[in-house]
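Undergrad: Sequence:
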Amino acid sequence: MTDYCTLWPDRLFGVEIGEACCKPHDEAYDAGGSLVDFVASNVDLGACVAALGLSAWGVLMAIGTTLFGWIFFRWRRKGLDKSRPFR
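Residue numbering for the sequence shown follows UniProt numbering, beginning at 1 and increasing consecutively.
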């Protein structure tokens, strides 16, 4: 079993959100990028969860990942090749 929604259940009220929403969010975090990329990935996560019928949870997840997700995000300096990890 894979835990795509780190620190959050992969299933909410019988709705599977892990594969559909959290996996792409994890991939975006792994790809890293700028502050704009970081916020966009969190908004996309919230929109995905909301589209599955869990609007309030989508908003909560978008806010939570924006406030606390910076710890896990791979930040890149402006102008650097995104294939190179930030050091």
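A few of these clues could be false.
[Claimed, not checked] Here are the simulated SDA-like cross-link-like pairs (lysine to any residue), alpha carbons at most 20 Å apart as the crow flies:
{"id": "1", "residue 1": "K23", "residue 2": "G64"}
{"id": "2", "residue 1": "K23", "residue 2": "F38"}
{"id": "3", "residue 1": "K23", "residue 2": "L12"}
{"id": "4", "residue 1": "K23", "residue 2": "A50"}
{"id": "5", "residue 1": "K23", "residue 2": "L54"}
{"id": "6", "residue 1": "K23", "residue 2": "T66"}
By construction, these hints were calculated from the structure, which means they are not laboratory data.
All values reported here derive from a predicted model rather than from experimental measurement.
Undergrad: Look at each hint and say if it fits the structure.
TA: Each hint tested on the structure:
1. Our distance criterion of 20 Å between C-alpha atoms is met by K23 and G64, whose separation comes to about 17 Å.
2. About 15 Å separates the Cα atoms of K23 and F38, which keeps this hinted pair within 20 Å; it holds.
3. Pair hint K23 plus L12 holds up; C-alpha atoms about 15 Å apart against a cutoff of 20 Å.
4. The suggested pairing of K23 with A50 holds, with an alpha-carbon distance near 16 Å, which does not exceed 20 Å.
5. At most 20 Å may separate the alpha-carbon atoms for a hinted pair to count; K23 and L54 meet this at roughly 17 Å.
6. Pair hint K23 plus T66 holds up; C-alpha atoms about 17 Å apart against a cutoff of 20 Å.
Violated hints: none; the structure is consistent with every hint.
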